[in-house]
Structure formats: C-alpha cells, structure tokens
Amino acid sequence: MSTSIDPAATSLLRFATAGSVDDGKSTLVGRLLHDSKSVLADQLEAVERASLGRGQQAPDLALLTDGLRAEREQGITIDVAYRYFATPRRRFILADTPGHVQYTRNMVTGASTAELAVVLVDARNGVVEQTRRHAAVAALLRVPHVVLAVNKMDLVDYAEPVFAAIAEEFTAYAASLGVPDVTAVPISALAGDNVVTPSAHMDWYGGPTVLEHLESVPVVADPTGDPARFPVQYVIRPQTPEHRDYRGYAGQLASGVLRVGEDVTVLPSGRRSTIAGIDALGSQVDVAWAPQSVTLRLTDDLDVSRGDLIAPATGAPAPTRDVEATVCHVADRPLRVGDRVLLKHTTRTVKAIVKDIPSRLTLGDLSQHPAPGELAANDIGRVVLRTAEPLALDAYADSRRTGSFLLVDPADGTTLTAGMAGEAFAAKAAGGPAEPVADDEGWDF
Numbered sequence: 002m003s004t005s006i007d008p009a010a011t012s013l014l015r016f017a018t019a020g021s022v023d024d025g026k027s028t029l030v031g032r033l034l035h036d037s038k039s040v041l042a043d044q045l046e047a048v049e050r051a052s053l054g055r056g057q058q059a060p061d062l063a064l065l066t067d068g069l070r071a072e073r074e075q076g077i078t079i080d081v082a083y084r085y086f087a088t089p090r091r092r093f094i095l096a097d098t099p100g101h102v103q104y105t106r107n108m109v110t111g112a113s114t115a116e117l118a119v120v121l122v123d124a125r126n127g128v129v130e131q132t133r134r135h136a137a138v139a140a141l142l143r144v145p146h147v148v149l150a151v152n153k154m155d156l157v158d159y160a161e162p163v164f165a166a167i168a169e170e171f172t173a174y175a176a177s178l179g180v181p182d183v184t185a186v187p188i189s190a191l192a193g194d195n196v197v198t199p200s201a202h203m204d205w206y207g208g209p210t211v212l213e214h215l216e217s218v219p220v221v222a223d224p225t226g227d228p229a230r231f232p233v234q235y236v237i238r239p240q241t242p243e244h245r246d247y248r249g250y251a252g253q254l255a256s257g258v259l260r261v262g263e264d265v266t267v268l269p270s271g272r273r274s275t276i277a278g279i280d281a282l283g284s285q286v287d288v289a290w291a292p293q294s295v296t297l298r299l300t301d302d303l304d305v306s307r308g309d310l311i312a313p314a315t316g317a318p319a320p321t322r323d324v325e326a327t328v329c330h331v332a333d334r335p336l337r338v339g340d341r342v343l344l345k346h347t348t349r350t351v352k353a354i355v356k357d358i359p360s361r362l363t364l365g366d367l368s369q370h371p372a373p374g375e376l377a378a379n380d381i382g383r384v385v386l387r388t389a390e391p392l393a394l395d396a397y398a399d400s401r402r403t404g405s406f407l408l409v410d411p412a413d414g415t416t417l418t419a420g421m422a423g424e425a426f427a428a429k430a431a432g433g434p435a436e437p438v439a440d441d442e443g444w445d446f
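Take the sequence shown: its letter number 289 is residue 290 in our numbering, and every next letter is one higher.
None of these hints come from the bench; they were simulated from the model.
Note that the Cβ used here is the ideal one computed from N, Cα and C, for glycine as well.
Incorrect hints may have been included.
Simulated DEER-style distance windows between Cβ atoms [claimed, not checked]:
{"hint": "1", "residue 1": "E424", "residue 2": "D246", "range": "25 to 31 Å"}
{"hint": "2", "residue 1": "A314", "residue 2": "G127", "range": "52 to 58 Å"}
{"hint": "3", "residue 1": "D333", "residue 2": "S177", "range": "27 to 33 Å"}
{"hint": "4", "residue 1": "G226", "residue 2": "R90", "range": "21 to 27 Å"}
{"hint": "5", "residue 1": "P292", "residue 2": "P199", "range": "34 to 40 Å"}
{"hint": "6", "residue 1": "D323", "residue 2": "L303", "range": "22 to 28 Å"}
{"hint": "7", "residue 1": "A398", "residue 2": "D287", "range": "14 to 20 Å"}
{"hint": "8", "residue 1": "T198", "residue 2": "T275", "range": "36 to 42 Å"}
{"hint": "9", "residue 1": "A398", "residue 2": "P89", "range": "31 to 37 Å"}
{"hint": "10", "residue 1": "G127", "residue 2": "G179", "range": "20 to 26 Å"}
{"hint": "11", "residue 1": "G271", "residue 2": "E170", "range": "48 to 54 Å"}
{"hint": "12", "residue 1": "A389", "residue 2": "R337", "range": "32 to 38 Å"}
{"hint": "13", "residue 1": "A251", "residue 2": "S177", "range": "42 to 48 Å"}
Please build the complete structure, drawing on both the sequences and the hints.
Here's what the structure looks like:
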C-alpha cells in the first residue's frame, strides 16, 4: 500500500475539499490518494473495472471517493466522503464535499472540523458564485488555512496569466472575508500536475505541490492554550462497597488544561469548587488537557448534571439566555421568526425561540439583506434566539468547539441549522428591536 510511516510523524491534519460542479474535486482526491500510494490494490482494480465498464481506457480516479450509486451514475458528488490516509510526514482525515448549490450544507458538515479547506476552481471558468459561497463558508467556520487549487490547467495550455488572474481575484475576495491564509497552486488533477509531484509543464511555478503544502502547513494552534472548558457528559456514581462515596463527572475536555487543586466554576449555576482528582483510563493523574476524555472529582458535593460546563473560576463564560449568532440553515423547510426549536450546545440541550432574523448574507458582494423573514436551505444569515435556560457560550471566534451549536426540530429531531455564536465575519445588521413573539404551549420564556 503506502511506504512505512515514521512513528514520529503523529501530527494529524483534517481538511475538506470544495468547489463548483465538475471542477474536479473527486478527481483531485483520487489523484492524491493514488499518487501518494494510499490506495489498496483491490480498490484500484475495482475502479479500473468500473471505468472500463463506462468505456474509459484509463481508470477514473474520481470513483475512489464517489461511492454512492447515484454519484457514479451522474458523475457528481452528493454526500460528504471521508477518507483516511497517511504519508511519512503526516496523517490526514479528508472530507470530499459536494459542489452543487443545494448541497452547500454538506460542506458545512465537512468543513466544521477542518483545519484547512481546498477550494477548486476550473481554470477555464475562474471564480464563480459557488466559489465565493465556499470561501464564505470556510471563513464563517473559521477554517484557518485555505488552498486555492486552480484545476484543469492542461485545458488552458498551462498559461501563467490565467492562473495569476484567478489567484489574485480569489485572494482579494478571501481577504475581504477575513481568511488569514491563502495558498494558490496551479494543478491538473487528471494529469497529476502539481498534486503530488511537481509539474514539468509549469516551470514558471516555484511553490509547493498540493501534498507538499498539506504535509507542511502548521496545524491549528494547540487547544491547550485556550481557556479550559469541560462539558459534563455523564455523572458516575458506582455506589459499590469499594466506591461508596465516589462521585465523578465524565466528559471530553473541549479546550485548555485542568489540574488537581484548581479552582473551578460549574455553569450555568455559578457554584464554585476545587478539583479534588482527575481519573483517566483507570488511573489518577494530576493534569488533563484537550481533547482528553477524563473524569473530574470535586471537593464539594455540588448538584452537577449532564449539560453543565466546568471552567476555571477566572475567565469562565457568562451564562446567557439571549443568543445572537451567524447560522447556516441546512434543513429543507425554512427557519422563520417565531419557530420553536431545541438548541444543542456541547452536551446541553435547551428549548429556544427564534426571536428575530435580522439579515441574510448575499454572497456576491457580502452585503446584508435586511429582515428576510426566513432562512431557506443553504442560506447564511443572522438570528436572535431566546433560550429557556442559560447557556455558557463562548464566541465562535474564540472557540470553534464551545462557540458552535445546532438548532433541532423538537418534533422529529431533524437538524435545522448550524450556528456560530457572535459576529463571525458577518457585520451585524442594523435595525430596531425584534417584534415580540407570543409564547405558548410551554415555551413561555
């Protein structure tokens, strides 16, 4: 399969691909896997057979990721395809996301945990509206690194001016969104130019190949440098003769570091205590860091349950029932002012009402369309929510883990909207206060 992996190469990069229809995303991913020797022999044989069955002489590498029957029949990507591979220098989790406008919500899923986004552009078409949409989603989700892969350079005679014009336009647009880092690479995914190996046709380009950049880009800042946030997932009370008085709070540390003896606050109640002990993998430890899963023990017998957040006594987020956020609506049915929803934040789920939808983002010029009244599928906009119980939310700009949430349909559990607390990159729409919403049926808050 692949060459032996250096045990020291333990860094992991999560990245997502995006772009317009037929820009070659799946072909790029297939080329990346094939040329990095990350494809099993039987997988390659299956692709070769499928390609011959479609009348193609060379294997269609896009079939390595387009696994659904509908995808293979239509030659498009519909769902997010995850692939895991490694090189001697780094391990990778790749999310190949769809290009159609109606599947933009799938990109939100794929890019929500990504540290890098590869946005493809067809060299013949340049930057199009869907390119801007994907750049906006990457900026909205605070993806720290973006690669602009200008594909199909072989169809424009590998012309440097074509690449330079596209790179300049995209970089300017990304800068207006606040994207901190953009790297442009001219490629031909079909021919393999500048994907894994340097191209012999573009000697005017002196930058890295796509894989070289993926292997060398700095991984997102260490989460242990952020304030500690510990969402409680489960309360452990064995009540056995050996552990009669044991009370532990289990969960995954979302960010930061917690130590035995540290003063902490339990939110949203605001009760304070001290960490008496930390249990990890059956052993007692003195310190825990993100993203470890551990059990905390406190010196005081507090009322702590699933959904509570344990944070350092200094620098803890202020609980609030009023949430303003930028959201991407992912459900087919619209989100409207007055809708009753469930808000899921880390391990906590509370009732909420949509009090206002101040604006919807127009991706063409990044202007705000005021008071749209509703958000349809794939729309990006601002919402104001009122929750039944306080939430300990961080701003998404400060923490992608504890600044994000989902809105869920209380009737059937369907995910409606992905939310990012705070301003994100979108300017807050001007306007007066929202009209009061009548509260009934147990949603009186």
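Checked hints:
1. The hint said 25 to 31 Å for the Cβ distance between E424 and D246, and at roughly 46 Å that hint is violated.
2. For A314 and G127, the hinted distance range of 52 to 58 Å is satisfied, since their beta carbons lie about 53 Å from each other.
3. At roughly 31 Å, the beta-carbon separation of D333 and S177 lies within the given 27 to 33 Å, and the hint holds.
4. Between G226 and R90 the beta carbons are some 24 Å apart, a value that agrees with the proposed interval 21 to 27 Å.
5. For the hinted restraint 34 to 40 Å between P292 and P199, the CB-CB distance of approximately 36 Å keeps it satisfied.
6. Here the CB-CB span from D323 to L303 is close to 26 Å, well matched to the stated 22 to 28 Å.
7. Between A398 and D287 the beta carbons are some 32 Å apart, a value that contradicts the proposed interval 14 to 20 Å.
8. Checked against the hint of 36 to 42 Å, the pair T198 and T275 fails, with Cβ atoms roughly 57 Å apart.
9. A398 and P89 have their C-beta atoms about 35 Å apart, which keeps the hinted 31 to 37 Å range intact.
10. Between G127 and G179, the C-beta spacing of about 22 Å keeps the proposed range 20 to 26 Å intact.
11. A hinted range of 48 to 54 Å holds for the C-beta pair G271 and E170, which are about 50 Å apart.
12. The beta-carbon spacing between A389 and R337, approximately 19 Å, falls outside the hinted interval of 32 to 38 Å.
13. Distance hint for A251 and S177: a CB-CB separation of about 44 Å, consistent with the stated range 42 to 48 Å.
Figure legend: structure checked against the earlier numbered hints; hints not met, in rising order: 1, 7, 8 and 12.
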